[in-house]
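Q: Given next are the chains, with one letter for each unit.
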Amino acid sequence: MEQTILPKKIKIAIFFMLAIGALTLHQFVFIINITKIRLSQIAYSQYGIFSVILKNLEILLVAILFIVFAYFLKKRKKWAWIAAMVILLKETVAGIKAVPLLFSVQLPHLGYLMEHLPPLISIFLLITMIASLFSYILILVALILLISERKKYWQIAS
Amino acid sequence: MIYLIIFTFITFILAFVLKLLITYFFIKLFNKEKSFWLIFKPILLYELGVFCFFIINPVSLIYFLVPWYIIPHVFLFPVYFIISIIILFLIFKFIMKKFSLLDFKKALLVFFIMFIIITPIISFSKSMVDHEVAKRIPASEELFEELLELRYFQESYYGLDSGHYGLMSPDIIILKKIDRLSEIFLGSKLLLDLYSFLITITI
Numbered sequence: 538m539e540q541t542i543l544p545k546k547i548k549i550a551i552f553f554m555l556a557i558g559a560l561t562l563h564q565f566v567f568i569i570n571i572t573k574i575r576l577s578q579i580a581y582s583q584y585g586i587f588s589v590i591l592k593n594l595e596i597l598l599v600a601i602l603f604i605v606f607a608y609f610l611k612k613r614k615k616w617a618w619i620a621a622m623v624i625l626l627k628e629t630v631a632g633i634k635a636v637p638l639l640f641s642v643q644l645p646h647l648g649y650l651m652e653h654l655p656p657l658i659s660i661f662l663l664i665t666m667i668a669s670l671f672s673y674i675l676i677l678v679a680l681i682l683l684i685s686e687r688k689k690y691w692q693i694a695s
Numbered sequence: 053m054i055y056l057i058i059f060t061f062i063t064f065i066l067a068f069v070l071k072l073l074i075t076y077f078f079i080k081l082f083n084k085e086k087s088f089w090l091i092f093k094p095i096l097l098y099e100l101g102v103f104c105f106f107i108i109n110p111v112s113l114i115y116f117l118v119p120w121y122i123i124p125h126v127f128l129f130p131v132y133f134i135i136s137i138i139i140l141f142l143i144f145k146f147i148m149k150k151f152s153l154l155d156f157k158k159a160l161l162v163f164f165i166m167f168i169i170i171t172p173i174i175s176f177s178k179s180m181v182d183h184e185v186a187k188r189i190p191a192s193e194e195l196f197e198e199l200l201e202l203r204y205f206q207e208s209y210y211g212l213d214s215g216h217y218g219l220m221s222p223d224i225i226i227l228k229k230i231d232r233l234s235e236i237f238l239g240s241k242l243l244l245d246l247y248s249f250l251i252t253i254t255i
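Residue numbers (this note's numbering), protein chains in the order written: chain A, 538 to 695; chain B, 53 to 255.
It is possible that part of the hints are untrue.
Claimed, not checked - Okay, derived cross-link-like pairs now, DSSO-like style, lysine-lysine, Cα gap no bigger than 30 angstroms in a straight line:
id, chain 1, residue 1, chain 2, residue 2
1, B, Lys-150, A, Lys-627
2, B, Lys-93, A, Lys-612
3, A, Lys-688, B, Lys-149
4, A, Lys-688, B, Lys-229
5, A, Lys-573, B, Lys-228
6, A, Lys-688, B, Lys-157
7, A, Lys-614, B, Lys-93
8, B, Lys-145, A, Lys-627
9, A, Lys-689, B, Lys-150
10, B, Lys-150, A, Lys-615
11, B, Lys-149, A, Lys-627
12, A, Lys-634, B, Lys-228
13, A, Lys-689, B, Lys-149
14, B, Lys-229, A, Lys-634
15, B, Lys-229, B, Lys-93
16, B, Lys-149, A, Lys-614
17, A, Lys-627, B, Lys-228
18, A, Lys-627, B, Lys-84
19, B, Lys-93, A, Lys-689
20, A, Lys-688, A, Lys-615
21, A, Lys-688, B, Lys-145
22, A, Lys-615, B, Lys-145
23, A, Lys-573, B, Lys-229
24, A, Lys-614, B, Lys-157
25, A, Lys-689, A, Lys-573
26, B, Lys-157, B, Lys-229
27, B, Lys-84, B, Lys-157
28, B, Lys-149, A, Lys-615
29, B, Lys-93, A, Lys-611
30, A, Lys-615, B, Lys-93
31, A, Lys-689, B, Lys-145
32, A, Lys-614, B, Lys-84
33, A, Lys-627, B, Lys-86
34, A, Lys-611, B, Lys-150
35, B, Lys-228, A, Lys-615
What the hints assert, rightly or not - Residues from chain B that face chain A, not an exhaustive set, calculated with beta carbons under 8 angstroms:
id, residue
36, Val-102
37, Cys-104
38, Ile-107
39, Ile-108
40, Asn-109
Hint data in this document are derived by calculation from the structure and do not stem from the laboratory. Just so it is clear, CB atoms sit at the ideal spot from N, CA and C, and this is done for glycine as well.
With the hints as constraints, model all of the structure from the sequences given.
A: Right, dumping it as structure tokens:
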């Protein structure tokens with residue numbers, strides 16, 4: 538049986554979810570790299586990189602889930618729509634919660650960090666902050682697109 | 053320490069299975085003719101709904117939307133608690149109605165017996181067993197010291213997250229992840245918060 542073509546907005550949402558997955562994956566790699574550099578400089582690094590990977594396992598998991606759900610959304614699975622909604626809502630709520638921390642702690646320390654960190658790490662830090670902001674915008678847009686096209690998607694999904 | 057992690061994980065699984073079986077038993081009381089899978093499937097679906105709810109945790113946004121200087125956060129807890137329970141009950145009721153297992157009153161009864169009596173007993177027993185076993189492991193003293201050190205570091209450098217990675221051993225991280233699962237599936241987080249709230253207002 539020939540499959541119905543996906544609505545354009547759903548296609549955009551799928552693309553955005555893939556982009557969010559890629560950006561989150563980049564964030565994971567960045568955290569691992571920057572902590573590896575810092576651990577080599579700090580005296581109390583007794584457990585090494587394994588702890589850092591375990592601590593940030595959730596970020597890696599979220600990145601993989603975004604890509605997997607995007608794939609199954611393309612395959613027209615109903616459960617993938619619900620799963621995508623759950624993960625997008627989770628990230629939206631987490632983003633709202635991060636706002637006070639961003640303004641009270643992270644932004645005031647940014648200038649200090651930029652001055653004292655090695656130039657390469659400073660650039661990476663800046664890129665990651667911009668990437669986080671960009672991925673948050675993508676999350677919101679993907680969420681709105683998936684909600685607005687839910688009826689069309691549920692008609693063609695199995 | 054690996055034995056403590058395995059033991060904690062096993063007690064979590066056993067406590068969760070026990071909770072599922074007791075819920076099954078209560079629903080079975082009202083639906084004697086229904087088969088095992090017809091009752092067990094909605095219970096699993098409810099647990100999945102609870103997992104999604106706690107993963108998103110939308111009610112916790114009230115802490116961020118209402119500034120602490122207007123209403124102190126401790127006084128927002130009852131609102132958070134009540135809204136969370138109502139949403140959890142609505143998920144339970146919706147699933148029970150969808151599978152034609154319980155009407156409103158019976159769903160309310162089963163939900164509150166599970167939430168107020170059974171789950172706290174299971175959760176508390178699990179914590180007691182874990183604690184008793186942890187006391188008998190010599191390395192657990194080091195673990196507690198490490199946890200105290202970590203807490204001190206987090207309080208001193210709040211927000212500078214990347215700093216304390218070196219302090220956390222893999223064992224602690226895994227134990228914390230199992231704790232998080234217990235918070236979600238055994239409802240221990242809400243109950244512990246309620247306990248802290250009651251202590252705060254009575255003192």
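Q: Confirm or reject each hint.
A: Now the hints, each set against the structure:
1. Annotation: proposed proximity of Lys-150/B to Lys-627/A holds, straight-line Cα distance about 26 angstroms (limit 30 angstroms).
2. Our distance criterion of 30 angstroms between C-alpha atoms is met by Lys-93/B and Lys-612/A, whose separation comes to about 26 angstroms.
3. Between the alpha carbons of Lys-688/A and Lys-149/B the distance comes to roughly 24 angstroms, so the proposed pair stays at or under 30 angstroms and holds.
4. Restraint check for Lys-688/A and Lys-229/B: not satisfied, since their Cα atoms lie roughly 37 angstroms apart, outside the 30 angstroms limit.
5. In summary, the hint linking Lys-573/A to Lys-228/B is supported, as the alpha carbons are separated by about 22 angstroms, within the 30 angstroms threshold.
6. Under the criterion of a C-alpha separation no larger than 30 angstroms, the hint pairing Lys-688/A with Lys-157/B is inconsistent with the structure, at around 33 angstroms.
7. Pair hint Lys-614/A plus Lys-93/B holds up; C-alpha atoms about 20 angstroms apart against a cutoff of 30 angstroms.
8. About 23 angstroms separates the Cα atoms of Lys-145/B and Lys-627/A, which keeps this hinted pair within 30 angstroms; it holds.
9. At roughly 24 angstroms between alpha-carbon atoms, Lys-689/A and Lys-150/B fall within 30 angstroms of each other, so this suggested pair holds.
10. Our distance criterion of 30 angstroms between C-alpha atoms is met by Lys-150/B and Lys-615/A, whose separation comes to about 18 angstroms.
11. With a CA separation close to 27 angstroms, the supplied pair Lys-149/B and Lys-627/A stays within the 30 angstroms bound.
12. The straight-line distance between the Cα atoms of Lys-634/A and Lys-228/B is roughly 21 angstroms, inside the 30 angstroms bound, and the hint therefore holds.
13. Only pairs whose Cα atoms come within 30 angstroms are accepted, and Lys-689/A paired with Lys-149/B is accepted, the gap being roughly 27 angstroms.
14. A C-alpha spacing of about 20 angstroms is found between Lys-229/B and Lys-634/A, which places the hinted pair at or below 30 angstroms, so the restraint holds.
15. With a C-alpha separation of about 26 angstroms, the suggested pair Lys-229/B and Lys-93/B falls inside the 30 angstroms cut-off, and the hint holds.
16. Distance hint between Lys-149/B and Lys-614/A is fulfilled; the C-alpha atoms sit about 25 angstroms from each other, no more than 30 angstroms.
17. Note on Lys-627/A and Lys-228/B: the hinted pairing holds, with a Cα-Cα distance of about 20 angstroms set against a maximum of 30 angstroms.
18. With a C-alpha separation of about 39 angstroms, the suggested pair Lys-627/A and Lys-84/B falls outside the 30 angstroms cut-off, and the hint is violated.
19. Between Lys-93/B and Lys-689/A the CA atoms are separated by roughly 29 angstroms; this keeps the pair inside 30 angstroms, and the hint holds.
20. Note on Lys-688/A and Lys-615/A: the hinted pairing holds, with a Cα-Cα distance of about 11 angstroms set against a maximum of 30 angstroms.
21. Restraint check for Lys-688/A and Lys-145/B: the C-alpha separation of about 25 angstroms stays at or below 30 angstroms, so the hint holds.
22. At most 30 angstroms may separate the alpha-carbon atoms for a hinted pair to count; Lys-615/A and Lys-145/B meet this at roughly 23 angstroms.
23. For the hint pairing Lys-573/A with Lys-229/B, the CA-to-CA distance comes to about 22 angstroms; that is within 30 angstroms, so the pair holds.
24. For the hint pairing Lys-614/A with Lys-157/B, the CA-to-CA distance comes to about 35 angstroms; that exceeds 30 angstroms, so the pair is violated.
25. Taking the CA atoms of Lys-689/A and Lys-573/A, the gap is about 47 angstroms. The hint is violated against a cut of 30 angstroms.
26. In summary, the hint linking Lys-157/B to Lys-229/B is not supported, as the alpha carbons are separated by about 36 angstroms, beyond the 30 angstroms threshold.
27. A C-alpha spacing of about 18 angstroms is found between Lys-84/B and Lys-157/B, which places the hinted pair at or below 30 angstroms, so the restraint holds.
28. With a CA separation close to 21 angstroms, the supplied pair Lys-149/B and Lys-615/A stays within the 30 angstroms bound.
29. Under the criterion of a C-alpha separation no larger than 30 angstroms, the hint pairing Lys-93/B with Lys-611/A is consistent with the structure, at around 28 angstroms.
30. Between Lys-615/A and Lys-93/B the CA atoms are separated by roughly 18 angstroms; this keeps the pair inside 30 angstroms, and the hint holds.
31. Distance hint between Lys-689/A and Lys-145/B is fulfilled; the C-alpha atoms sit about 28 angstroms from each other, no more than 30 angstroms.
32. A hinted pair counts as satisfied when its Cα atoms are at most 30 angstroms apart, and Lys-614/A with Lys-84/B does not qualify at roughly 35 angstroms.
33. With a C-alpha separation of about 36 angstroms, the suggested pair Lys-627/A and Lys-86/B falls outside the 30 angstroms cut-off, and the hint is violated.
34. For the given pair, Lys-611/A sits about 28 angstroms from Lys-150/B by alpha-carbon distance, which is consistent with the 30 angstroms threshold.
35. For the hint pairing Lys-228/B with Lys-615/A, the CA-to-CA distance comes to about 33 angstroms; that exceeds 30 angstroms, so the pair is violated.
36. Hint status for Val-102/B relative to chain A: violated, with the closest Cβ pair at about 12 angstroms, above 8 angstroms.
37. Interface hint at Cys-104/B: satisfied, since its Cβ lies 5 angstroms from the closest Cβ of chain A, which is below the 8 angstroms cut-off.
38. Of the supplied interface hints, the one on Ile-107/B holds, with its beta-carbon coming within about 5 angstroms of a beta-carbon of chain A, less than 8 angstroms.
39. Hint status for Ile-108/B: holds, given a least beta-carbon distance of 5 angstroms to chain A, under 8 angstroms.
40. Given hint, Asn-109/B at the interface with chain A, holds; its Cβ is 6 angstroms from that chain's nearest Cβ, closer than 8 angstroms.
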